[in-house]
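Enquirer: Since the structure of chain Z is already known, use the hints to place chain R on it.
Top to bottom, those sequences are chains Z and R. Heads up, the first sequence is in the working numbering, so the first residue is 114 and it goes up one at a time. Heads up, the second sequence is in the working numbering, so the first residue is 13 and it goes up one at a time.
Watch out, some of these pointers could steer you wrong.
Said to hold, decoys possible - The calculated lysine to any residue pairs, modelled on SDA-like cross-linking and capped at a C-alpha distance of 25 angstroms, are:
(1) LYS514/R with GLY38/R
(2) LYS499/R with ASN182/Z
(3) LYS653/R with ALA534/R
(4) LYS158/Z with SER503/R
(5) LYS266/R with THR118/Z
(6) LYS516/R with LEU370/R
(7) LYS139/Z with LYS514/R
(8) LYS278/R with ARG513/R
(9) LYS179/Z with SER494/R
(10) LYS158/Z with ALA534/R
(11) LYS289/R with VAL274/R
(12) LYS231/R with ASN203/R
(13) LYS266/R with LYS158/Z
It is worth saying that the hints were derived from the structure and are not from the lab. Here the structure is a predicted model, which is why all the values come from computation and not from measurement.
Residue-level listing of the chains:
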Amino acid sequence: MDTCTLWDAPINSCCKILKVVNTKEKIRLFDLGFSSGNEVIPLFKSSTGNTKLFLVKDTLIALRKKDSNLINVELQGGAL
Amino acid sequence: MIDEIKVALIGNPNTGKSTVFNALTGLKHHTGNWSGKTVGNEMGYFTVQDKKIALYDLPGIYSLFSHSAEEYHAMEFIAKEKPDITIVIADATALERNLLLPLQIMEMTKNVILCINLIDEAKDNNIKIDIEKLKNELGIPVIEMVARDGVGLDKLKNVVSDMSKGWVESKPILTDISSVLPMTFSYLEENLKGSVAKEMNKPFYHCFLLDEQSDFIEKDTNIDEQIQIAIEKMKSENYSIDRLKENRSLIFLKRCKHIADVTVTKSNSINDNLTKKLDNIFLSKIVGIPVMLSMLCMIFWMTIAGANVPSNMLMVTFENLGAVLNDWFISMNVHPILHGFVLDGVYLTVAWVISVMLPPMAIFFPLFTLLEDFGLLPRIAFHLDGLFQKSNAHGKQALTMCMGFGCNASGVTSCRIIESKRERLIAIITNNFVPCNGRFPTLILLATLFLSAGNSLIATSWILGLIIMSVCITLIVSNILSKTLLKGEPSSFIMELPPYRKPKLLEVLVRSLLDRTILVLARAVAVAIPAGAIIWLLQNTDIGGQSILGYIAEFLDPFGQMLGLSGIILMAFILGMPANEIVIPVLMMMYAGSGMMIEPDIFESAELFSANGWTWVTALCAIVFSLNHFPCATTLITIYKETESKYWTFVSAVLPTLVGIVLCIIINFIGGFFV
Chain Z
114 MDTCTLWDAP INSCCKILKV VNTKEKIRLF DLGFSSGNEV IPLFKSSTGN TKLFLVKDTL
174 IALRKKDSNL INVELQGGAL
Chain R
13 MIDEIKVALI GNPNTGKSTV FNALTGLKHH TGNWSGKTVG NEMGYFTVQD KKIALYDLPG
73 IYSLFSHSAE EYHAMEFIAK EKPDITIVIA DATALERNLL LPLQIMEMTK NVILCINLID
133 EAKDNNIKID IEKLKNELGI PVIEMVARDG VGLDKLKNVV SDMSKGWVES KPILTDISSV
193 LPMTFSYLEE NLKGSVAKEM NKPFYHCFLL DEQSDFIEKD TNIDEQIQIA IEKMKSENYS
253 IDRLKENRSL IFLKRCKHIA DVTVTKSNSI NDNLTKKLDN IFLSKIVGIP VMLSMLCMIF
313 WMTIAGANVP SNMLMVTFEN LGAVLNDWFI SMNVHPILHG FVLDGVYLTV AWVISVMLPP
373 MAIFFPLFTL LEDFGLLPRI AFHLDGLFQK SNAHGKQALT MCMGFGCNAS GVTSCRIIES
433 KRERLIAIIT NNFVPCNGRF PTLILLATLF LSAGNSLIAT SWILGLIIMS VCITLIVSNI
493 LSKTLLKGEP SSFIMELPPY RKPKLLEVLV RSLLDRTILV LARAVAVAIP AGAIIWLLQN
553 TDIGGQSILG YIAEFLDPFG QMLGLSGIIL MAFILGMPAN EIVIPVLMMM YAGSGMMIEP
613 DIFESAELFS ANGWTWVTAL CAIVFSLNHF PCATTLITIY KETESKYWTF VSAVLPTLVG
673 IVLCIIINFI GGFFV
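Chain Z on its own, in the form it takes in the complex:
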């Protein structure tokens, strides 16, 4: 399975979270569902650049590139 950061994961690809790198926002990211083992799907990229929208735990969450780069994921092969 390929691994990459969440930011680099292709749109509509199913990803499994491997690790959240140490950051001030780590627990906030946990709270919203970005913790190891959970599935996340990048859905949209904003028109103006470095923000993407992710589907995690049935919720749409917008993250900037610098935050989603702190989340390592494994691509699951399936796509929407």
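Expert: Then chain R, alone, in the frame of chain Z:
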């Protein structure tokens, strides 16, 4: 028997917590389809079975662990105020994530009720929740709810009442976190046998003791030594406080997943529903921004076009009432000075402010609230985040900026949704760069008279161009601020996008009128009353054959000319400080020398302006200065209240004025070659 019961209301953002609060208390607390609206405690009362219940609405939070100001505030409230009952509102469509908060609350207080709201949306998404199993997993009462339709509210009231009498028992099944730090927790268990915080689960309480940031927590005196020993033990177990918090979170998350696995069944995902289909349009990289911009334009157009008739009707009504009052003053032999002061000064100013402000606000705010309830604002913020990111500002500033188009004072208040103090200040200071409703009449009048030869299409294009220009200036100034007075790194932008929801028209109308229109109008009138008096006095007090207003305008003239304006125009902007709507009427009052404010009829205005030396350069400079000058008094007061700082209020006033001065000088210089 408890006579008055203290109940806390808590929940994740955007779960309908404010809707429950309003439904129970009858108050009109602001609700909307985006997170972060509740920023402080709101309190209201309701009664059930002769019991008076004080309900405290706490800010929307995801958990108690990530140390945001709102989370600290919520924990402090529960730890110090010790509510008799805590109601947690959870979103049925995302139960697993929403279970985190009630599980943590249960560690702090025993009497917890869980309300599973938005059950209707869960059913639409083919999500089924086994409520009985959920009750067994948690050990607390669980109520299904559709707060918007009032479903489940009566049951909640009864459970609150029964729980306060001890008829309904809450036996929370706690989460075992002692395995994280066995030695440290055992040491604290054995050595701290204090009497405080009895209601808290011991390991959970001990985590607070080990964390210096939890200074709100009650503790026995003289236990500092034991805490220091425990911290050393924690280090010997290879733990830092951050690692402790992280592992504690993971244990709670694991339990949330387990409970969701055994209680929730779903046959398809959110991707198949309406939200996904609409998001394919609104969040599209190509058509998303144009579609949303068109919707905003439509709102502006409806506001501009729709406000004329009711404005004129109100003005006529006030004129008729003024005539009646005038006759009454004459019949009562009121002194001419008092007569003029009250009727021509105070009354006319207030009449003007209400006539011009009320109709556009009464149209704009409900329309804007519809967009808000529908769930479009966070999507606008998502699209614009890249631009704000490049300006080192926060993506949510796009939301507060949109609010500023309605009223800058409301826009400033809405900046509370931005957690970072630095970015919140940037949003507050720059909010005034977008034109509020009060400035639109000035922009429309001048663009129509001098920049479009009366062609409404060209005038509308000018207005759209001016709005885009104001957004660009907001971004540029935000960037400059973040590199000078408010240096710092942009904070994280983590924002939940709610599903689209069908707004309730009647509720939106009532709420936007009460929440916003009446509030803003009342503040404007309060400022306009003394302003009207001052304008009248300055205009009608002659010294050496010239009014004081005339002297001041003469003094300001050289500076005004430098800006492509005049002393009189500058004077109008200064006197218009109470409310931006009165700038043009004050200007015309001074041109006409009538001592009374005049309604800016478009044909009369053209002649009057031209006779006083206006060209298209003057108009363009006046438009640019209208967009970029000190905020109105109401906004300044709001800025002071929000920042609690004279310095930042001063900066908020000076910065746009400086930008306006520089831009006007440049336009005047370049325009001079063409006129």
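Enquirer: Each of the hints needs a verdict: does it hold here or not?
Expert: Evaluation of the provided hints:
no. : hint                   : in the structure
1   : LYS514/R with GLY38/R  : 22 angstroms, holds
2   : LYS499/R with ASN182/Z : 24 angstroms, holds
3   : LYS653/R with ALA534/R : 17 angstroms, holds
4   : LYS158/Z with SER503/R : 19 angstroms, holds
5   : LYS266/R with THR118/Z : 23 angstroms, holds
6   : LYS516/R with LEU370/R : 22 angstroms, holds
7   : LYS139/Z with LYS514/R : 34 angstroms, violated
8   : LYS278/R with ARG513/R : 20 angstroms, holds
9   : LYS179/Z with SER494/R : 18 angstroms, holds
10  : LYS158/Z with ALA534/R : 42 angstroms, violated
11  : LYS289/R with VAL274/R : 30 angstroms, violated
12  : LYS231/R with ASN203/R : 13 angstroms, holds
13  : LYS266/R with LYS158/Z : 30 angstroms, violated
In summary, the structure is inconsistent with hints 7, 10, 11 and 13 from the numbered list given earlier, while agreeing with the others.
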